[in-house]
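A.B. asks: Make the full structure from the sequences, and use the hints.
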Amino acid sequence: MRLFLPALLFAGAAFAAPVSVTLPGDMGAYPELGQGAPAADAINNNCLGCHSAEMVLTQPRLTPAEWQAEVAKMRNVFKAPVDPADDAAIVAWAVEWSKRLPAE
Amino acid sequence: MIARRHLLGLGLAAVAASARAQTVDLRLPGGPSQRPLSDGYPGKRGMIVQRTAPPLLETPLGAFDTGVITPNDRFFVRWHWPFPTEIDPAAWQLRVDGAVERPQIFSLAALAKLPQNEIVAVNQCAGNARGLFEPRIAGAQWGQGAWGNARWRGVALRHVLDAAGVKAGAVAVRFGGADLPPLEGAPAFLKSLGVDHARDGEVMIATHMNGEPLPLLNGLPLRLVVPGWYSTYWVKMLDRIEVLTAPDDNFWMAKAYLIPDTPGGSVAPGMATFPKRPIGVMVPRALITSIADGDRLPWRERLTLRGIAMGGDAGVARVEVSSDGGNVWRDATLGVDIGRYSFRRFEAALAPVRGSMVLRVRATNANGVVQPLAPIWNPSGYMRGEAETCQVEFV
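Sequences listed follow chains A and B, in order. If you number the first sequence the way this note's numbering does, the last residue is 104 and the count never jumps. If you number the second sequence the way this note's numbering does, the last residue is 1395 and the count never jumps.
None of these hints come from the bench; they were simulated from the model. Where is the CB? At the ideal position from N, CA and C, for every residue including glycine. Take these hints with a grain of salt, some might be off.
[Stated by the list, open to error] Ranges of calculated distance between the beta carbons of each label pair, as one might list FRET restraints: (1) T1333(B) - K79(A): 46 to 56 Å; (2) D1249(B) - A69(A): 15 to 25 Å; (3) A16(A) - I1105(B): 12 to 22 Å; (4) P31(A) - A1268(B): 44 to 54 Å; (5) N76(A) - G1294(B): 53 to 63 Å; (6) L33(A) - Q1116(B): 47 to 57 Å; (7) L33(A) - A1254(B): 44 to 54 Å.
[As the list claims (entries may be wrong)] In the DSS-like style, the derived pairs of lysine-lysine whose C-alpha atoms are separated by at most 27 Å in a straight line are: (8) K73(A) - K1276(B); (9) K73(A) - K1255(B); (10) K1113(B) - K1167(B); (11) K99(A) - K73(A).
C.D. replies: This is the structure in structure tokens:
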């Protein structure tokens, strides 16, 4: 839903030229956490559509219930098209991520 | 985690390497606390990257130590949804409709013909320093840099509303920008103010920030400026204003950005049910900027502490400093007053002792509101306002 503003229409107006910027790329995919750890597929398929992965990776240690509530909030409030069948795999990855944060 | 970050947009290995090398530790309790620093964002340098897309960029402490005005290239950046990366100011349209006599579409040229004025005001995210709350809270994990102070120039919102003629019975005015959800049905970022507040002559539609057009990342070409109120109301890339005849029930007013209806917006940690109200006026705050929490410094006989303070919706009347964790307080010297909504500098002489010192600082505003010593907590991590602590070790 990017706005496209044709530059020619208002040529001659007393305003600055169009401004166009390039943003740095985002950080990419959620990392795999290694052998035996929950796979990152589900979180990669569902949780990169509206924000980059830091939104998840910078969170403090959250409980499984708190991670589940975040997934539900993304679906219910922000209309993320997350199949409830994927919830368990997303939450498992996030909980494993949380576990690896340094202890307080 | 952070080391994986690569700057695809630039595609320069050298830039990526230096971005990786430079990180900052925000000392968030329990972590994760390391964040990359980046020069890669247009019109910005040395910013703490909280999130690459949509960007959440935080101002490092050092940028607040150089003066009361935060330079545009260090000013924090905060978006909820993706936004256009191309703006043609000459083609911009600001619609004003809803409960008005004469719906309007303003070009920037038309806005420029209305009376212009300037105001210096602090723009602070409701969640500034959320990452320091304990217990911790989900959300953007800001340290102390989701705020800044600028000289804003533009036209009073009142003139724009008067041109449209607000109808009798209007109760609120709602603002929207060009940042839009990528998915159908998701709530666009809309915020509203009471109609009397919107017409108070102070709320501004700004085109300029510190003498320059707004940086694109701070809302080019128009952003609302709501002096004394949290940044959530300062809608960026403003392109529509709607006058409402009933209170705004959109998600971002009715469900998000709510605080406990208690003094200072605080409840006992963990509490979830209590009367709520939309966040509004900022509370006073002061922050030491010449030393960072956790610094180890060579001992010396005397040291001048410097910092910034703000009063919220009133000027800064007093700043006090404690060097014993908050028992004994001494007045700091205040710098020049450049407006009630601005940051104000303070300075205080300190006689360091060898070893650890717990410095605290608190501001009092012109209405007599004093920063509390006890931590503020609410389940969204808004409105941090307690007297800040800065632990420093002199060796």
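A.B. asks: Hints first: check each against the structure and report whether it holds.
C.D. replies: Now the hints, each set against the structure:
1. The supplied range of 46 to 56 Å is met by T1333(B) and K79(A), whose beta-carbon atoms lie about 53 Å from each other.
2. Distance hint for D1249(B) and A69(A): a CB-CB separation of about 23 Å, consistent with the stated range 15 to 25 Å.
3. Between A16(A) and I1105(B) the beta carbons are some 20 Å apart, a value that agrees with the proposed interval 12 to 22 Å.
4. Between P31(A) and A1268(B) the CB atoms are about 37 Å apart, so this pair departs from the stated range of 44 to 54 Å.
5. Remark: the range hint 53 to 63 Å for N76(A) to G1294(B) is contradicted by a beta-carbon distance near 40 Å.
6. Restraint check, L33(A) to Q1116(B): a C-beta distance of roughly 55 Å satisfies the suggested window 47 to 57 Å.
7. For L33(A) paired with A1254(B), a C-beta distance near 38 Å fails the hint of 44 to 54 Å.
8. The straight-line distance between the Cα atoms of K73(A) and K1276(B) is roughly 19 Å, inside the 27 Å bound, and the hint therefore holds.
9. The hinted pair formed by K73(A) and K1255(B) meets the criterion: a straight-line CA distance of about 12 Å does not exceed 27 Å.
10. Annotation: proposed proximity of K1113(B) to K1167(B) holds, straight-line Cα distance about 24 Å (limit 27 Å).
11. Between the alpha carbons of K99(A) and K73(A) the distance comes to roughly 22 Å, so the proposed pair stays at or under 27 Å and holds.
Hint check: violations occur at hints 4, 5, 7; the rest are consistent with the structure.
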